[in-house]
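Visitor: The task is simple: from the sequences and hints, build the whole structure.
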Amino acid sequence: MFTNAGTSSFTAFLSKVAPEMLPGRRPLPPGMAADMAPHATTIVAISAAGGVVMAGDRRATMGNLIAQRDIEKVHPADAYSLVGIAGTAGIGIELMRLFQVELEHYEKIEGAMLSLDGKANRLASMIRGNLGAAMQGLAVVPLFAGFDLAASDPARAGRIFSFDVTGGPYEETGYDAIGSGSLFAKSALKKRFRTGLSVEDATRLAVEALYDAADDDTATGGPDLTRRIYPVVMTATAEGTHRLTDAETAAIAESVVAGRMENPGG
Amino acid sequence: MAMQFYASPEQIMRDRSELARKGIARGRSAVVLSYAGGVLFVAENLSSTLHKVSEIYDRIGFAAVGRYNEFENLRRAGVRMADLNGLSYDRRDVTGLALANAYAQTLGAIFTEQSKPFEVEICVAEVGATPEDDSLYRVTYDGSVNDEPGRMAMGGQAEAISGVLKNEHRPEMSLSEAVRAAMKALSSVGGEGGAARTIAANQLEVAVLDRRRVGRTFRRVTGAALTALLDGDAEADTAPAPGRAKTPTVPTEEAKKPTTSAGSADLEGNAEDKPAE
Numbered sequence: 001m002f003t004n005a006g007t008s009s010f011t012a013f014l015s016k017v018a019p020e021m022l023p024g025r026r027p028l029p030p031g032m033a034a035d036m037a038p039h040a041t042t043i044v045a046i047s048a049a050g051g052v053v054m055a056g057d058r059r060a061t062m063g064n065l066i067a068q069r070d071i072e073k074v075h076p077a078d079a080y081s082l083v084g085i086a087g088t089a090g091i092g093i094e095l096m097r098l099f100q101v102e103l104e105h106y107e108k109i110e111g112a113m114l115s116l117d118g119k120a121n122r123l124a125s126m127i128r129g130n131l132g133a134a135m136q137g138l139a140v141v142p143l144f145a146g147f148d149l150a151a152s153d154p155a156r157a158g159r160i161f162s163f164d165v166t167g168g169p170y171e172e173t174g175y176d177a178i179g180s181g182s183l184f185a186k187s188a189l190k191k192r193f194r195t196g197l198s199v200e201d202a203t204r205l206a207v208e209a210l211y212d213a214a215d216d217d218t219a220t221g222g223p224d225l226t227r228r229i230y231p232v233v234m235t236a237t238a239e240g241t242h243r244l245t246d247a248e249t250a251a252i253a254e255s256v257v258a259g260r261m262e263n264p265g266g
Numbered sequence: 267m268a269m270q271f272y273a274s275p276e277q278i279m280r281d282r283s284e285l286a287r288k289g290i291a292r293g294r295s296a297v298v299l300s301y302a303g304g305v306l307f308v309a310e311n312l313s314s315t316l317h318k319v320s321e322i323y324d325r326i327g328f329a330a331v332g333r334y335n336e337f338e339n340l341r342r343a344g345v346r347m348a349d350l351n352g353l354s355y356d357r358r359d360v361t362g363l364a365l366a367n368a369y370a371q372t373l374g375a376i377f378t379e380q381s382k383p384f385e386v387e388i389c390v391a392e393v394g395a396t397p398e399d400d401s402l403y404r405v406t407y408d409g410s411v412n413d414e415p416g417r418m419a420m421g422g423q424a425e426a427i428s429g430v431l432k433n434e435h436r437p438e439m440s441l442s443e444a445v446r447a448a449m450k451a452l453s454s455v456g457g458e459g460g461a462a463r464t465i466a467a468n469q470l471e472v473a474v475l476d477r478r479r480v481g482r483t484f485r486r487v488t489g490a491a492l493t494a495l496l497d498g499d500a501e502a503d504t505a506p507a508p509g510r511a512k513t514p515t516v517p518t519e520e521a522k523k524p525t526t527s528a529g530s531a532d533l534e535g536n537a538e539d540k541p542a543e
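Taken in order, these protein sequences are the chains called R and Z.
According to the numbering used here, the first sequence holds residues 1 to 266 in order.
According to the numbering used here, the second sequence holds residues 267 to 543 in order.
Since the hints were made in silico from the structure, they are not lab data.
The beta-carbon is built from N, C-alpha and C at its ideal position, and this holds for glycine as well.
Accuracy of the hints is not assured; some may be wrong.
So the derived list for chain Z, only partly shown, Cβ under 8 Å to chain R, looks like this [stated by the list, open to error]:
hint : residue
1    : HIS317
2    : GLU321
3    : ARG342
4    : ALA343
5    : ARG346
6    : MET347
7    : ASP349
8    : LEU350
9    : LEU353
10   : SER527
11   : ALA528
12   : LEU533
13   : GLU534
Just a few of them, taken from the derived set where beta-carbon distance is under 8 Å, the chain R residues facing chain Z [stated by the list, open to error]:
hint : residue
14   : PHE2
15   : GLU72
16   : ARG97
17   : GLN100
18   : VAL101
19   : THR241
Guide: Structure, rendered in structure tokens:
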């Protein structure tokens, strides 16, 4: 079964040999299922000079309950790109895992990495496969960002793609946010974002935007100083993807919180 | 009606073996050996794009000699199997032994059931924590598997190359010593009247599974880095391989939760131990 399927795509291979492993290939009973599984909430991405920053809060909710306080929703998709998930957490994590393997698989089979646009299109088609479940309330909407190795100007190599539930990929300029708190995060970014930010400034801005989202959206978690749970912040630059250590994000989050002690509006 | 001549099964197998052996012996050779920092693959290969050596998974590499279309097919199958198992279970559950067994089954079935056997010989190598923990599996055209003691040679005149390699190889050797030992072994045959010859750096395909790395350990060594190793430049041993830069930070604590990501540990940055660099 491994030798016959002649494709470089791992999902295409799975659809032949193990279709039950693909989300979106499972029959669902009729009816809405939106409140039965945890939801992952807010993710922000900001393009900076020489790269891109993505950050996500740590909360997953189920109706009015907090399902998990320390979920991780931002992950590296491959060595130069990041993916964050919002929507139904279980399907989102499955989709993200599959996308990671998809990119690595292509790289190993073909001996070359997909282009950044190729990766975004691949993710779009995977979301499209989940449309049936999305219409029953189990929607997953990822945010994809990466460092474009083919970009002529390294300062503009950080690119961000957002998607809708039907899989349409849209390239965003500057910044974007997804999830329940995205309205507030985007409003905050709209006022504070400048082109050509350094990666350090963009990191701080991302944590600020998540604070603003948590301020107005109950489903988004702010920095939890008592439990030492801070947002996950990752960068993708010419050096590859990098996750900030807990100590680094703690320092940023504590300084943001200290700022809000004086001026709650930021 | 065409007359069916009787041929004994023994004769059929002998003919197939002969065909496969001849096909393999015509090709250029490859060697695989453990050294202090990992597992080294060196293949003589005129092409820089049609690889004989490649990555299968985090700590598993693949080297082959013989017909390109046949071993390329096997390589792809191996990547598919490894990725499927890694996604279904966990990245740590993908092992070289499972892969070598799968290859043995496939090659054995092809050898007995099809009219022409695959003219290939492959090596599945898995890098461990120390050179003693490395495993090198040789899988031949008829599906037999051998666990090799830290070094192996495949292809044309493999026995002569093995002999030189056996004298030169020590598990604790450095990367540049290992590359030069491999080079000496490969170039010991094929010259005028069976004498030694020289092989240019651009005719070698060199790759390593780097023991010190976490996550995906496979790196190709090309260009200036390879020339430096062949020249015996001691600094080239420690220089990071080209390609992805090392992950810049040290994790503050080890991961305690079940895996949610299928990304390798070098990407996720939550590896338990970092390379000593």
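Visitor: Hint by hint, say whether it matches the structure.
Guide: Against the structure, the hints:
| no. | hint | result |
| --- | --- | --- |
| 1 | HIS317 | holds, 7 Å |
| 2 | GLU321 | holds, 5 Å |
| 3 | ARG342 | holds, 6 Å |
| 4 | ALA343 | holds, 4 Å |
| 5 | ARG346 | holds, 5 Å |
| 6 | MET347 | holds, 5 Å |
| 7 | ASP349 | holds, 5 Å |
| 8 | LEU350 | holds, 7 Å |
| 9 | LEU353 | holds, 5 Å |
| 10 | SER527 | holds, 5 Å |
| 11 | ALA528 | holds, 4 Å |
| 12 | LEU533 | holds, 4 Å |
| 13 | GLU534 | holds, 7 Å |
| 14 | PHE2 | holds, 4 Å |
| 15 | GLU72 | holds, 6 Å |
| 16 | ARG97 | holds, 4 Å |
| 17 | GLN100 | holds, 4 Å |
| 18 | VAL101 | holds, 5 Å |
| 19 | THR241 | holds, 6 Å |
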